[in-house]
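Chains A and B supply the protein sequences, listed in that same order.
Last residue of the first sequence: 303 (this note's numbering), numbering continuous.
Last residue of the second sequence: 1295 (this note's numbering), numbering continuous.
Simulated from the structure, these hints should not be mistaken for lab results.
It is possible that part of the hints are untrue.
Claimed, not checked - Taking lysine-lysine and the DSS-like style, the derived pairs with C-alpha atoms no more than 25 Å apart in a straight line are:
id, chain 1, residue 1, chain 2, residue 2
1, B, 1120, A, 3
2, A, 13, A, 3
3, A, 103, B, 1120
Said to hold, decoys possible - A few chain A residues facing chain B, derived, Cβ under 7 Å:
id, residue
4, 103
5, 112
6, 119
7, 243
8, 245
By construction, the Cβ of each residue, glycine as well, lies at the ideal position given by its N, Cα and C atoms.
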Amino acid sequence: MDKTARRHRWDTKFAPYGYVAPYFLIFGVFGLFPLLYTIWVSMQHRNLLDEGGAYVVWFDNYGKLLADPYFWNAMGNTLSLWLLTTVPQILFALFIAQLLNRKVRTRTLFRMGVILPNITSVAAVTIIFAQLFGRDFGLFNWVLGLFGAGQIDWQAGTATSHIAIAVMVVWRWTGYHALIFLASMQAIPSSLYEAATLDGASGRQQFWRITVPLLRPQIIFSTIIATTGNMRLLAEPLLFNPGAAAATGGSDRQFQTAALYLYEQGFTNYDFGYSSAIAVVLAIATVIVAGLGYLVTKRIRTE
Amino acid sequence: MTALLERPAPVKPAGPSSRARRLARRVAGPWTYAALIAILAGSAFPVYWSFVVSSQTPDAIDSVPPVLVPGGHLFENIARVFDTTDFALAMMNSIIVAGTVTVSVVLFSTLAGFAFAKLKFRGRNVLLLLIIATQAIPTELGIIPLYMMMAEFGWAGEIHAVIVPGLVTAFGVFFMRQYFERAIPNELLEAGRMDGCHSLRLFWHVALPAARPAAAVLGLFTFMQAWNDFFWPLVVLVPENPTVQTALSTLASGYTTDYTLVLTAATIGTVPVLVVFLLFGRQIVGGIMSGAVKG
C-alpha cells in the first residue's frame, strides 16, 4: 500500500471521529454527565448549609417528596398551567396559520409580527407583563374597569395568577406554532380543496375535514413541544412576583411550578439532594410525555 | 425548533397548474387583514408599551388612564439605568457570552453535522441517536451537578460558567446534519475524493461554502437564545457580575422598585435581538418554517 492510499484509509476511518469529538467532549462533560450525575446526587443527603457534608440516603429524598404537600401543589400548578397554555396555543396557532395561508400582501411583515414574541427575552417580557397585570395601575385592570369589572388582584388568586401566567406563555409561543402549521398547510395540495369545493363543502368544513386532519402530525408535535416546555416553566412564575420570596411562586405558592420548586429547594434552601430528586422526577415525567407523543405521532404517520 | 424531527403532512404530487393553485388559494379579504393587524398589534404591544414607559417620567407608570404614547424622557431614563446599576457590565457580558457561544456552536455544529451527514464511520447511527435523544431531556434538569462542577472549578460567578456549557448544542449538530444531507450531493464529495482531497479539505472547500445559508440561520437562533438565556445564568452568576437577563431580574426584585428604571433596562436589553430580528427576520421566519417541514 503506498503512502497516499494509507493516508486516505486513515482519513476515512478516523478523521470523522475528530470532527464529532469537540461536540461530544463538551456535551459529555457539561450536558450529559450532569444529567446522569443528578440521579446519584438525588440519593444523597446533600445540603450546602449542612456542615456535616454529604452522605448516601438512597431513596429517602423520594419518600420525602411523595409526602411533600408543596411538591404536589407545584405539580398541580404545572398541570393546571399545562391545560391553560397548551389548548389555547394550538387553537390560536391554527387560526393564525389559516389567516396567513391566504393570499396576503406584506406577508413577511405579518409572519415576522407573529414570531416577534418568541424572540424577545422571557425575563424582559415577564417583567413587562407583571406590570400590565398590576392590581392598581395595570393596563389589563384598567381595560376591564372600562367594562365595569372590579380591580382584580391577579397575583393573589390561584385561578387569576394561572390565567396571567398562561397569557404570557401563550403570547410567547403561539406564533411559533402558527409558523410550523403554516409551513405544513402550504404543502397541502390545492386539488383537495378544489374537489371539496365542487362537492359543496363550506370553508369551515374544509378546515376541519381537510386541513386539521392533514396537520395532525404537526399538531401532536406542537403539543409535545408545549408540554415539555411546560415541564420546565420557571422564569414566568419566578418573575411574575419578583422579590425576596419570588421562588415560592406567590405568598401561598399559588403559582409555584414544579421547576420553580426545584429552583427553590436547590438555590434558596441549598438542599441539593432533595432538589435533584425533583429534577429526576421531572425528567422522567418529561420523557414519558415526549415518548407517548412520539408513539402517537408515529402511529398517525404510518396509518 | 426541534420540529426538525417532524415530517411534513403527506404531500401528493401537485396536480393542477400553478394558475389553478393560485386561484384556489383564498385571497385575503378585509376581515383577514383586520384580524392580522390585531394580531400584529397584540404581538408588538408589550414591547411597545415597555418602550413607552421608558420614555416617560417615573410617575407615568402610576397614571390612570395608563400612558400609551411615547414621551420625551428616554435618554434621561437610559442614563439613569447606566448610572444606578452596572448595566454596562451586563451588556458587555451578554455580548461576550452570546458572541462566543454563537461562533462556537456554528463552527462545531457544522463540523459534526458534516461528519454525520456525509462521512461513514462506525457508531455513527448510535451517536446520532444519542444526540436526538438528549434533545428530549431539558439539560436544565442537570443543573445541580453542573453548579457543583462550576463551584469545584472555581468558575461560579464568572461568565465562563455560562459560556462553556453553551459552546455546543445538540440542536445545532442535528440542524446542520439535516442541511448537509440535502444540500451536498454525494457525487460531489466522491469526485473530490477521487482527486485525492482529504476530508478536512472537502469540509473546508466544499461543505463550508455550501453551509453558509444554514449556518447563518443557526447563528441567528443561537445568538438570540444565548442572549435571552435566563435560568442557568441566574443560578451560576452573582448580582455583581450579571448578564442582561439576570441584571433585569435583580433590578425587578428590589424592595422598592423603580419600574420605569426596570422597564427602561428591559427595553435596552431587547434592542440587540430586535435589531437582529429586523435585519434577518425573513431568514428567521424561513428557518422556523423549514424546520417544520424539511426533515
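How the hints compare with the structure:
1. 1120(B) <-> 3(A): The given pair, whose Cα atoms are some 22 Å apart, holds under the 25 Å limit.
2. 13(A) <-> 3(A): It holds: about 15 Å lies between the C-alpha atoms, which stays within 25 Å.
3. 103(A) <-> 1120(B): 45 Å, violated
4. 103: Check passed: Cβ of residue 103(A) comes within 5 Å of chain B, closer than 7 Å.
5. 112: It holds, given that the least Cβ distance between residue 112(A) and chain B is near 4 Å, below 7 Å.
6. 119: Result: holds, 5 Å to nearest chain B Cβ.
7. 243: Cβ of residue 243(A) sits 5 Å from chain B, so the hint holds.
8. 245: Interface hint status for residue 245(A): violated (10 Å vs cutoff 7 Å).
Consistency note: the structure conflicts with the earlier hints numbered 3 and 8.
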